[in-house]
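Given chain A, put chain B with the ligands in place with the hints provided.
Each chain, written out:
Number of protein chains: 2
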Amino acid sequence: MSMPRQMHLGAFILGAGHHIAGWRMPGAEAGSENLDLIKRIARTAERGKFDLLFLADAVNTRPDMHPSMVLRLEPLTLLAALAMVTERIGLAATASTTYTEPYNLARYLGSIDHMSNGRCGWNIVTGAFADAAANFSRDRHPPHDERYAIAAEFVEVAKGLWDSCEDGILTMDKASGQFLDAGKMHALNHAGTYFKVKGPLNMSRPPQGYPVLIQAGASDAGRDLAGRIAEIVYAVHQDIEVARAFSSDLKRRAVGFGRSPDHIKIMPGICAIIGGTEAEAKAKLAELGECADPKVALQVLAERLGHDLTAFDLDAPVPDLPPSGVMRGHAETLTALARKENLTLRQLRNVVAASMGHRLMVGTPEQIADGLQEWFEAGAADGFNVMPPWFPGAFDDFVDHVVPILQKRGLFRQDYTGTTLRDHLGLPRPEHPLAHRVLVGSMAASG
Amino acid sequence: MSMPRQMHLGAFILGAGHHIAGWRMPGAEAGSENLDLIKRIARTAERGKFDLLFLADAVNTRPDMHPSMVLRLEPLTLLAALAMVTERIGLAATASTTYTEPYNLARYLGSIDHMSNGRCGWNIVTGAFADAAANFSRDRHPPHDERYAIAAEFVEVAKGLWDSCEDGILTMDKASGQFLDAGKMHALNHAGTYFKVKGPLNMSRPPQGYPVLIQAGASDAGRDLAGRIAEIVYAVHQDIEVARAFSSDLKRRAVGFGRSPDHIKIMPGICAIIGGTEAEAKAKLAELGECADPKVALQVLAERLGHDLTAFDLDAPVPDLPPSGVMRGHAETLTALARKENLTLRQLRNVVAASMGHRLMVGTPEQIADGLQEWFEAGAADGFNVMPPWFPGAFDDFVDHVVPILQKRGLFRQDYTGTTLRDHLGLPRPEHPLAHRVLVGSMAASG
Ligand SMILES: Cc1cc2nc3c(=O)[nH]c(=O)nc-3n(C[C@H](O)[C@H](O)[C@H](O)COP(=O)(O)O)c2cc1C
Ligand SMILES: Cc1cc2nc3c(=O)[nH]c(=O)nc-3n(C[C@H](O)[C@H](O)[C@H](O)COP(=O)(O)O)c2cc1C
Numbered sequence: 001m002s003m004p005r006q007m008h009l010g011a012f013i014l015g016a017g018h019h020i021a022g023w024r025m026p027g028a029e030a031g032s033e034n035l036d037l038i039k040r041i042a043r044t045a046e047r048g049k050f051d052l053l054f055l056a057d058a059v060n061t062r063p064d065m066h067p068s069m070v071l072r073l074e075p076l077t078l079l080a081a082l083a084m085v086t087e088r089i090g091l092a093a094t095a096s097t098t099y100t101e102p103y104n105l106a107r108y109l110g111s112i113d114h115m116s117n118g119r120c121g122w123n124i125v126t127g128a129f130a131d132a133a134a135n136f137s138r139d140r141h142p143p144h145d146e147r148y149a150i151a152a153e154f155v156e157v158a159k160g161l162w163d164s165c166e167d168g169i170l171t172m173d174k175a176s177g178q179f180l181d182a183g184k185m186h187a188l189n190h191a192g193t194y195f196k197v198k199g200p201l202n203m204s205r206p207p208q209g210y211p212v213l214i215q216a217g218a219s220d221a222g223r224d225l226a227g228r229i230a231e232i233v234y235a236v237h238q239d240i241e242v243a244r245a246f247s248s249d250l251k252r253r254a255v256g257f258g259r260s261p262d263h264i265k266i267m268p269g270i271c272a273i274i275g276g277t278e279a280e281a282k283a284k285l286a287e288l289g290e291c292a293d294p295k296v297a298l299q300v301l302a303e304r305l306g307h308d309l310t311a312f313d314l315d316a317p318v319p320d321l322p323p324s325g326v327m328r329g330h331a332e333t334l335t336a337l338a339r340k341e342n343l344t345l346r347q348l349r350n351v352v353a354a355s356m357g358h359r360l361m362v363g364t365p366e367q368i369a370d371g372l373q374e375w376f377e378a379g380a381a382d383g384f385n386v387m388p389p390w391f392p393g394a395f396d397d398f399v400d401h402v403v404p405i406l407q408k409r410g411l412f413r414q415d416y417t418g419t420t421l422r423d424h425l426g427l428p429r430p431e432h433p434l435a436h437r438v439l440v441g442s443m444a445a446s447g
Numbered sequence: 001m002s003m004p005r006q007m008h009l010g011a012f013i014l015g016a017g018h019h020i021a022g023w024r025m026p027g028a029e030a031g032s033e034n035l036d037l038i039k040r041i042a043r044t045a046e047r048g049k050f051d052l053l054f055l056a057d058a059v060n061t062r063p064d065m066h067p068s069m070v071l072r073l074e075p076l077t078l079l080a081a082l083a084m085v086t087e088r089i090g091l092a093a094t095a096s097t098t099y100t101e102p103y104n105l106a107r108y109l110g111s112i113d114h115m116s117n118g119r120c121g122w123n124i125v126t127g128a129f130a131d132a133a134a135n136f137s138r139d140r141h142p143p144h145d146e147r148y149a150i151a152a153e154f155v156e157v158a159k160g161l162w163d164s165c166e167d168g169i170l171t172m173d174k175a176s177g178q179f180l181d182a183g184k185m186h187a188l189n190h191a192g193t194y195f196k197v198k199g200p201l202n203m204s205r206p207p208q209g210y211p212v213l214i215q216a217g218a219s220d221a222g223r224d225l226a227g228r229i230a231e232i233v234y235a236v237h238q239d240i241e242v243a244r245a246f247s248s249d250l251k252r253r254a255v256g257f258g259r260s261p262d263h264i265k266i267m268p269g270i271c272a273i274i275g276g277t278e279a280e281a282k283a284k285l286a287e288l289g290e291c292a293d294p295k296v297a298l299q300v301l302a303e304r305l306g307h308d309l310t311a312f313d314l315d316a317p318v319p320d321l322p323p324s325g326v327m328r329g330h331a332e333t334l335t336a337l338a339r340k341e342n343l344t345l346r347q348l349r350n351v352v353a354a355s356m357g358h359r360l361m362v363g364t365p366e367q368i369a370d371g372l373q374e375w376f377e378a379g380a381a382d383g384f385n386v387m388p389p390w391f392p393g394a395f396d397d398f399v400d401h402v403v404p405i406l407q408k409r410g411l412f413r414q415d416y417t418g419t420t421l422r423d424h425l426g427l428p429r430p431e432h433p434l435a436h437r438v439l440v441g442s443m444a445a446s447g
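Chains as they are written, first to last, in full-length UniProt numbering: chain A, 1 to 447; chain B, 1 to 447.
Check before you lean on any hint, since a few could be wrong.
Repeated chains share a single entry, so a pair holds when one copy, or any two copies, can fit it.
[Said to hold, decoys possible] EDC-like, lysine to aspartate or glutamate: derived pairs with alpha carbons at most 20 Å apart:
id, residue 1, residue 2
1, Lys408, Asp397
2, Lys198, Glu156
3, Lys39, Glu87
4, Lys174, Glu332
5, Lys174, Glu290
6, Lys159, Glu280
7, Lys408, Asp262
8, Lys39, Asp173
9, Lys282, Asp64
10, Lys39, Glu287
11, Lys196, Asp131
12, Lys196, Asp220
13, Lys174, Glu287
14, Lys282, Asp173
15, Lys174, Asp293
16, Lys408, Glu366
17, Lys295, Asp181
18, Lys159, Asp239
19, Lys198, Asp64
20, Lys49, Glu156
21, Lys159, Asp415
Don't read these hints as lab results, they were simulated from the structure.
None of the values given here were measured: they were computed from a predicted structure.
So that you can see chain A by itself, here it is in the shape it has in the complex (with noise of 0.2 Å):
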């Protein structure tokens, strides 16, 4: 008997929980910047045998955003700090292709892999919030499709970086005094249309040899550079369909740039508010409503749809608005569901309120089971980014009450089988572009 395909997991840890009421919770803790709590929700996303746990990111806030993202511990640095109390789970975090510099990224992913002994993942964004250029002494956000032109030359620089040794570089040789086979370090000489690149990294080449990529196109640009370098793709989807055709659509393009489309993962997020019984869940989501500050629901939402909302009626059906030049995923996700359930602003920043446009998920562990298996087994998902309501109980009745379920029924690992998130995710490590060919042009020559 073969084993079935294993479903992945990714716990986003949004530090007061993804319910903008979620902190008012009953036991709930807050929030971005409690390394105490967010290390014991690391320790119980490992517990639960997650393939990895994702920080999301902004650089910029205001005093009314979500209050998971207003006040935040940077993602890098908490990253590294996460690896020196987890073993085994996968460390992604999000960081901007638009407002950093490849030498300097390349190095904190590279210096993250190597102290995780190999877990690290990258979020590549180019920027869901304008606000962020004028952080960075820069007279606008880049328009859309530059900026993901930029992330594509980015991705391609941070590479070769990663490459500049070769495997083995180190031979520290006491008695000979050679410390390092110089002609395994090589220069990367880039210069393209963004960016000029020298090299090489001073650093050995990461344990995966890149970090796992993940990103979350839904624009065709997006898309594009997903299906070229995503190997895990972040999505936002309420209706199975839809996601089915969105998966499809990614691993066709992945294999158009020669890809299998095993190694491009879709995982869709979800929001699981779990009771005993269905009743009880209902009623904690209408709970968390009530708790819900309507005026920071409606600044999510008017990010999520990238326009200003502050002067449209709320009574009267979600408007006509031009495309969204930043979540385009979610934008597009909320604009048909308020189609399809002809919802009024009000009840659409009511939905957003609660899972910011992501699959919401209410009812008893069986029913949350159900519903991820019956996406899984559909083709729309190869897991699921999951986004607990509040912290740390909800999460803790995920992994206590769900994931068991996921295990009885062969869908979910019982234990980590390998050490790297590579191996969590079945994904090989990339091998350096000269492992087969005949060196020539080294730094040993020139240095």
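Just chain B with the ligands now, kept in the frame of chain A:
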């Protein structure tokens, strides 16, 4: 009886040791990518009650660089990791104001300060390696004094960003639903010569207000910046009188900027080769000298003098060279030494192989302690930046044999009395600029 003035000690962790041949010594481990070793070194420094540990940095490499520098973990992520495996010691790293963005760096450092409960320090450098420019899409490394002008503005922006939130901003009142006090969040609206940064930073004010600011200015522009903002100053001295004059000059400059001379701690580097007898220590130095790679030694000297040296005769006197545009402190100290002792280039190269220009101390633990006490009591130093020639053995020797002597003499703490790096150094926590003012124009009005 009042407590005598206390010496401060920093551990300069160059992973393969300060001596370029340190890694070849029996029992030595290398190097700068060896997290397990670095964790042990950090714990040893904490056992020795050091004020802080320090990680240097550069954003470029070449195969014939110093073996501690050629390949390395990235210091900010490494610092975050070390925060998890230490309890009390200060944690400082180098980060460049030329090749990072203030918004990003303020987040990394602020996050480390939060996660370590107030133990972060930042060595502010403008970049001692001109080759870095080619890794950052730049045509050239900005000229020396312009780099300092950028640095001064960068630090001003960083401080402003750390002040984005007043203390106590997070109210997290579940009953009322008030997550934060929006009146305590402030935009920066900085628009200067080099940076335009609106803010606010998406982080509460760090536990220390600002991380401890470290600088190693040796040029006039460098000393000026140090006098203005540095709380620790690293220095390179061989001569007690020169060191004393340097210390007086820096403290005078600080006073000129309205600061207390006690709030700028001068910490010259020392490289101690310790033996049970003086002869044993000297034998170790000789052994190290024989193991040193002459090509790497010449490259390290070239970096410190700021000029390529490959064309010069090794057996002629050290040539006259124009002033260095980069590591001027090292260059001046080394040139003075060469002139005073009439050294050939080969001889100076061998000095640099050992200590990179820093004070080399060779002898028994008592002799080392005497040498430290002498400089400390003469006002040539407030403490020392301890640069072990190799790891872990040479550092264990310092902690196990030199520190206890300093403690017995009442010159150095028996145990930590505070919890933050500012506590260890006797530095006040900078007050928030609005601490004593009536609030006007907060984000509450505009948000
Ligand atoms: C699960 C998920 C997480 C995301 N996390 C971030 C993030 O942390 N920071 C960010 O700027 N954008 C984030 N995004 C937004 C994406 O970067 C992107 O803007 C969005 O998916 C729209 O894609 P498009 O630009 O191709 O239209 C996330 C999207 C999803 C679905
Ligand atoms: C102990 C010490 C550590 C230093 N660490 C670094 C470093 O990590 N990275 C760097 O680029 N420069 C480093 N420097 C060099 C200084 O940033 C600076 O270039 C040098 O002190 C000369 O100062 P000047 O530019 O004012 O002439 C260090 C200097 C000293 C004395």
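Identical-chain pair category, Lys174 with Glu290, by Cα at 20 Å: between (68 Å within a copy, 12 Å between copies)
Homo-oligomer pair classification [Asp220, Lys196; C-alpha up to 20 Å]: Answer is neither; intra-copy 27 Å and inter-copy 33 Å both fail.
Intra- versus inter-copy proximity for Asp173 and Lys282 (alpha-carbon distance at most 20 Å): Answer is neither: 65 Å inside a copy and 24 Å across each miss the 20 Å cutoff.
Regarding Lys174 and Glu287, is the shortest C-alpha distance of 20 Å or less found within a copy, between copies, in both, or in neither? The answer is between: 13 Å across copies meets 20 Å, while 67 Å in one copy does not.
Evaluate Lys174 and Asp293 at a C-alpha cut-off of 20 Å and name the case that applies: within, between, both or neither. between (64 Å within a copy, 12 Å between copies)
With 20 Å as the alpha-carbon cut-off, assign the pair Lys408 and Asp397 to within, between, both or neither. Cα proximity of Lys408 and Asp397: one copy only (17 Å, versus 56 Å across).
20 Å Cα threshold - placement of Glu332 relative to Lys174: neither (61 Å within a copy, 33 Å between copies)
Have a look at Lys49 and Glu156 and pick one of within, between, both or neither, based on CA distance no larger than 20 Å. For Lys49 and Glu156, the Cα distance exceeds 20 Å both inside one copy (32 Å) and across copies (45 Å).
When no copy is named, should Lys198 and Glu156 be tagged within, between, both, or neither for a Cα gap of at most 20 Å? within (13 Å within a copy, 31 Å between copies)
Quick one: Lys159 to Glu280, C-alpha cut-off 20 Å, is that within a copy, between copies, both, or neither? neither (49 Å within a copy, 49 Å between copies)
Up to 20 Å between alpha-carbons, please classify Lys39 paired with Glu87: within, between, both or neither. So Lys39 and Glu87 pass the 20 Å test inside a copy (12 Å) and across (16 Å) alike.
I want to check one pair: Lys39 and Asp173. Are their C-alpha atoms no more than 20 Å apart within a copy, between two copies, both, or neither? Cα proximity of Lys39 and Asp173: none, with 39 Å in one copy and 23 Å across.
The structure shown violates the earlier hints numbered 4, 6, 7, 8, 9, 10, 12, 14, 18, 20 and 21.
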